[in-house]
Amino acid sequence: MNYRGMWAIYSFEMARAFRTVGQSVASPVISTVLYFIVFGSAIGSRISDVGGVQYGAFIIPGLIMLTILGQSISNASFGIYFPRFTGTIYEILSAPLSFIEITIGYVGAAATKSFIIGLIVLITANFFVTFEIMHPFWMMFFLVMTCVTFNMLGFIIGIWADGFEKLQLIPLLIITPLTFLGGSFYSINMLPDFWQKVSLLNPVVYLVSGFRWSFYENSDVSITTSVTMILVFLFICLGIITWIFKTGFRLKN
Amino acid sequence: MTHAISVHNLEKIYDNGFQALDDVSLEVRRGEIMALLGPNGAGKTTLISTICGIVTASAGHIDVFDYDIIKDYRKARSCIGLVPQELTTDAFETVWKTVCFSRILFGKKPDPDYIESLLKSLSLWEKKDSQIRMLSGGMKRRVMIAKALSHQPDILFLDEPTAGVDVELRKSMWQLVRELRETGVTIILTTHYLEEAEEMADRIGVINNGKLILVEEKKTLMKKLGKKELVLDLHSPLNDIPADLSEFNLHLVQDGHQLVFTYDPAKQDNGVVRLLDCLKDNSIKCKDFNTRQSTLEEIFVQLIGDA
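Those protein sequence lines, which keep their order, are chains A and B. Position one of the first sequence corresponds to residue 1 (the working numbering), numbered consecutively onward. Position one of the second sequence corresponds to residue 1001 (the working numbering), numbered consecutively onward.
The shape of chain A in the complex, shown without the other chains:
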């Protein structure tokens, strides 16, 4: 393994994030505050408890998922797309690095950023509502796995995209709607039967549900299903990345 090479990519990407650390921290904090003002205070005060959890606390896991899903895709896709765009990718491709090492470098850095942002949202939420985390291990598991999986998805998007417009296409048209409809701000049990069944086709439901379970033991689907689903997403992304590097899709001619 070329550990130094991996570290070079990881630290380069982290340094890029720290150059704009103000924006990186301010953006999720402001978003969280706004969500709590709108959903927690304005609307939440008119909604009764959901499954025995105060609405303001109920939305915290969904809010963290909403933020890290967006951040993960944006961080990872930009991280790999930018060197492709500027041409500096030649150096990565000609270095003695395997595709796994390249992926670990880029996805690892982007996942670290997403993880930190997730924690920032969690800390910010603490200023607005009181909550507890009943299963810290599983909370960390879901947080880490979501960061890694969705950063891999972002990495794939960054390789697939052949323009800045396409970089935004999937996050805007697919990920954001799926996240909003994935039970971030409600329990899918609140929906009519038909829409509950439709919601189960949304992969984000499993992530939010599992993550929320780790906080309140309150979930829309079983924890086993959530864990299975996130592992399935992880392996699908790994499979696609393996194929990309083996074929050189959009990386090598």
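Calculated from the structure, these hints are not laboratory results. It cannot be assumed that every hint is accurate.
Unchecked claim - Pairs of lysine-lysine, PhoX-like flavour, derived with a Cα cap of 25 Å:
hint : chain 1 : residue 1 : chain 2 : residue 2
1    : B       : Lys-1219  : B       : Lys-1267
2    : A       : Lys-252   : B       : Lys-1211
3    : A       : Lys-246   : B       : Lys-1075
4    : A       : Lys-252   : B       : Lys-1071
5    : B       : Lys-1071  : A       : Lys-246
6    : B       : Lys-1128  : B       : Lys-1097
7    : A       : Lys-252   : B       : Lys-1075
None of the values given here were measured: they were computed from a predicted structure.
Once you have looked at the hints, place chain B on chain A.
Here is chain B on its own, set in the frame of chain A:
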């Protein structure tokens, strides 16, 4: 003797069907400077990119110091430094950071002393804390060279290294290349400046339409294909070339004040003595003369034309 690079029957056909390399076989000796010449789109950059692992070959086999570039890619790539044609740098990074990054990327331990000496040798030390976007084109080119040399490679690819740089910088780069060769680094350069190849290369490879037309020692190539011109300054201008001199295929230039004779210096009987005798017989007097060797550029045009 182990070659620095061995390319066997290399082919590259892009997805759009364009054949960039057609059965290219080439061996680059350790420690030599090889210049790859060819017109735009000839396949020079594709060849370099394939050896470096940036382009996937359609067929063929490449070894770098006996390491297969696919099976032993780590060892093979560790030996190579690449300066690409385009000035592709991280505009917001400093010179120091970007060069250190390149070294670590190739798995080497950080070595600030070496990086310092490298930047000094490339006259970049004063700019070590400057962002790359603040540098001139020539300095950016030197940063690219510093990045390529940061992991102390045994082979250096220079893809059009002096494209767009001024004469002074070009000459300083030639000097740098010579110094690198003295340290044992094998250098492969592509260039449009034939003067550059003529100045530096030990051997010349000519590529056209994806085929390697020839690989030859520069001196041998110049000798083999190089013609010489004998230019005679006439005492009195001529209107026409006398019929007695027709066998020499002469040209009148400068309004008949100069007579030009092209000959092959490698031939035993190259016709120079006979021409002078004929001139004397025809009472054509000369007041001065000079000879001129064909440049590599003229040889190159001839080769491409023949191909």
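Okay, the hints, checked on the actual structure:
1. This hinted pair checks out: Lys-1219/B and Lys-1267/B have alpha carbons roughly 16 Å apart, not beyond 25 Å.
2. Taken as a hint, the Lys-252/A and Lys-1211/B pair is honoured in the structure, with Cα atoms around 22 Å apart against an allowance of 25 Å.
3. The suggested pairing of Lys-246/A with Lys-1075/B holds, with an alpha-carbon distance near 19 Å, which does not exceed 25 Å.
4. With a CA separation close to 17 Å, the supplied pair Lys-252/A and Lys-1071/B stays within the 25 Å bound.
5. Pair hint Lys-1071/B plus Lys-246/A holds up; C-alpha atoms about 13 Å apart against a cutoff of 25 Å.
6. A distance of roughly 8 Å separates the Cα atoms of Lys-1128/B and Lys-1097/B; the hinted pair therefore holds under the 25 Å criterion.
7. At roughly 20 Å between alpha-carbon atoms, Lys-252/A and Lys-1075/B fall within 25 Å of each other, so this suggested pair holds.
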